[in-house]
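**Q** Residue strings, one per chain:
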Amino acid sequence: MTILSGLGGAAPVHVDLPRENRSRAYRWLLSPGLLYLGVMFIVPVGALLAMSLYVPVPGGELGDFQPALHWQNYVDALSQFWPQMVRSFWFAAIATVACLLIGYPIAYTIAVRARGRALMQNLLLVLVVAPFFTSFILRTIAWRQILADESFVVQAMLWLGLLPEGGRLTATPFAVVCGLAYNFLPFMVLPIYASLGRLDPRLLEAGADLYASPTTCFRRVTLPLSMPGVVGGTLLVFIPAAGDYVNASLLGNNTNTAMIGQVIDARFFKVLDYPTAAALSVVLMAAILLIVAAYVRRAGTEDLL
Amino acid sequence: MRLRLGRAVVPIMGVLGVLYLLVPIAYTVAFSFNDAGKTNLVWRGFTLDNWRNPCGAPQVCEAFVNSLRVGVLATVLSTLLGTLLALALVRYRFRGRPLVNLLIFLPMSTPEVVLGAALLAQFLSLRVQLGFWTVVAAHVLFCISFVVVTVKARVASLDPALEEAAADLYATPLETFWRVTFPLLLPGIAAAALLAFSLSFDDFIVTNFNSGSFTTFPKFVYVSATRGIPPQANVIGSFMFVLALAIVVGSQVVTAARSKRRVGR
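First to last, the protein sequences are chains A and B.
When we follow my numbering, the leftmost residue of the first sequence carries the number 1, and every step to the right adds one.
When we follow my numbering, the leftmost residue of the second sequence carries the number 1001, and every step to the right adds one.
Because the hints were derived from the structure by calculation, they are not lab data.
Treat each hint with caution, since some may be false.
[To be verified] Cβ-to-Cβ under 10 Å is the rule here; a few derived chain B residues that face chain A:
#, residue
1, VAL1010
2, PRO1011
3, GLY1037
4, ALA1057
5, GLY1082
6, ARG1093
7, PHE1094
8, LEU1169
9, THR1172
10, LEU1195
11, ALA1225
12, MET1240
13, ALA1256
[As the list claims (entries may be wrong)] Dumping the calculated SDA-like pairs for lysine to any residue here, alpha-carbon to alpha-carbon at most 20 Å:
#, chain 1, residue 1, chain 2, residue 2
14, A, LYS270, A, PHE89
15, A, LYS270, B, GLU1175
16, A, LYS270, B, PHE1214
C-beta: ideal position from N, C-alpha, C; glycine also.
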């Protein structure tokens, strides 16, 4: 129970704490964690912002930069790498939709259809979180080999005519999106499972008693009540997918699958062009925060955490 | 009949989805038994050699041990800091609470590349040598938020009447914490620690930005992907999978047995 029940989320006990709740002990509880987040998150983001405006040291070596306020870095970075930036969000969006389409039936099967059969539920849940227990990189490489040109899957698809002559799966946008959808699927299933698990079955019975068809019941009762899970799940998939570069570099090619994470990595480590890498990181972060804020406001669930 | 068929569609899709999740794991486990030689790309025959000699390939075990060291340290530190934050957030009302919540939410909603890049920018500016400690520091950062969320759920489901009862029985606040609050929170803390360890152990992107020449297991696998991954990496991956599965199933069995005993009484 311990580990899996954490996923379902126990019902919180609501208590109105007195305004002057005991001492000011919270300061001692908060300060170490906040200090850490300040020094290791806020300050580094500041360092990233500063670095995005650096200019090369005149006559210096490759990778030597000095502080400046060179806003032109952003214009240069975006005019050069906007296709990769747009592609990242596009791939992440497709992968998120795919995760929702594959993940919702999984969550529904576990939470609603297997309700009351604890053993079955736990077995399925363990299988859903199983990917967490094997290395993310090893699994992506497994996909690379499953989708490789000489693999059984591709040979079978060629034989069946599902792939055109000389067609391939690896090194295509399809492979990258599949990899993204695969890797982040559990993050979609678990929040939806959690919100469906809290669904009161009597509501569905009431719907059926009032002559709603199963489809209507689903559309008018189940789906709206599982929305918090859907919203949480889409965010948990979209955010890491947009910044991911492992799938793109292991399953993609260098031309029409390059994502922004790959560019940031290459600018930092291969080209030693820190300001461009930093500027792209800042833009990625800002864009994601804007998208998340807009989405959460639209979905109307601001108390996600 | 039509209705029955319709009812079967969703569970079939669900089970197919679960199978989709398991395909690459099965592949990874199967190829740990491959008589592969240097590159583990095609099936060449069954062997137990890789399992008998998991450290056979150069650097595999070194990278694995590095990941364990980082994982243990990052887990201990992030669980400690995160649990304290969770306690403060659920049990105390104070000004600036929304701000603290935001500060905890932000690292989770920042993509790993950006977290890695920000930390690297800081380490480069301060001319910190990249290596073991920078990796630990980075891992603690992204684990904290997940610990807070996990422990918070547990604290929120805790009945404060129990603590009040302890106080009524003249327990000091510290005694109350150690004898009442902490034991009740322990399952939540354990789940958070397990989550933190698995996040740290499996992390690649943030590690890649902040490790310099220090190599963890995921980094080793990624780097050797171009040359071909030794089957020993599959052995270690499969071993960790079986171990984690055993921990989860074991804890399930223990809890089930305990609750049965409680009902029996």
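**Q** Would you mind marking each hint as holding or not holding in the structure?
**A** Evaluation of the provided hints:
1. Annotation: B:VAL1010 was flagged as interfacial toward chain A, and the flag holds, the nearest CB pair being 5 Å apart, inside 10 Å.
2. A distance limit of 10 Å between C-beta atoms decides the matter here; for B:PRO1011 the minimum to chain A is near 5 Å, and the interface restraint holds.
3. Here the hint on B:GLY1037 is broken, as its CB sits about 15 Å from the closest CB of chain A, past 10 Å.
4. At its closest, the beta carbon of B:ALA1057 sits 14 Å from a beta carbon of chain A; the interface hint therefore is violated under the 10 Å criterion.
5. Taking 10 Å as the C-beta cut-off, the interface hint given for B:GLY1082 holds, the closest approach to chain A being about 7 Å.
6. Using the Cβ-Cβ criterion of 10 Å, the hint placing B:ARG1093 at the interface with chain A is satisfied: the shortest such distance is roughly 6 Å.
7. With a cut of 10 Å, the hint placing B:PHE1094 at the interface with chain A holds, because the nearest CB-to-CB distance is about 6 Å.
8. Against a cut-off of 10 Å between C-beta atoms, the interface hint on B:LEU1169 is violated, since the closest Cβ of chain A lies about 17 Å away.
9. The interface hint given for B:THR1172 is broken, as the beta carbon of that residue sits about 12 Å from the closest beta carbon of chain A, more than 10 Å.
10. Interface hint at B:LEU1195: satisfied, since its Cβ lies 8 Å from the closest Cβ of chain A, which is below the 10 Å cut-off.
11. The criterion of a C-beta within 10 Å of any C-beta in chain A is met by B:ALA1225, whose closest approach is roughly 6 Å, and the hint holds.
12. The beta carbon of B:MET1240 comes within 6 Å of a beta carbon in chain A, closer than 10 Å, and the hint placing it at the interface holds.
13. The interface hint given for B:ALA1256 holds, since its Cβ lies 7 Å from the closest Cβ of chain A, which is under the 10 Å cut-off.
14. With a C-alpha separation of about 24 Å, the suggested pair A:LYS270 and A:PHE89 falls outside the 20 Å cut-off, and the hint is violated.
15. Distance hint between A:LYS270 and B:GLU1175 is unfulfilled; the C-alpha atoms sit about 56 Å from each other, more than 20 Å.
16. A distance of roughly 18 Å separates the Cα atoms of A:LYS270 and B:PHE1214; the hinted pair therefore holds under the 20 Å criterion.
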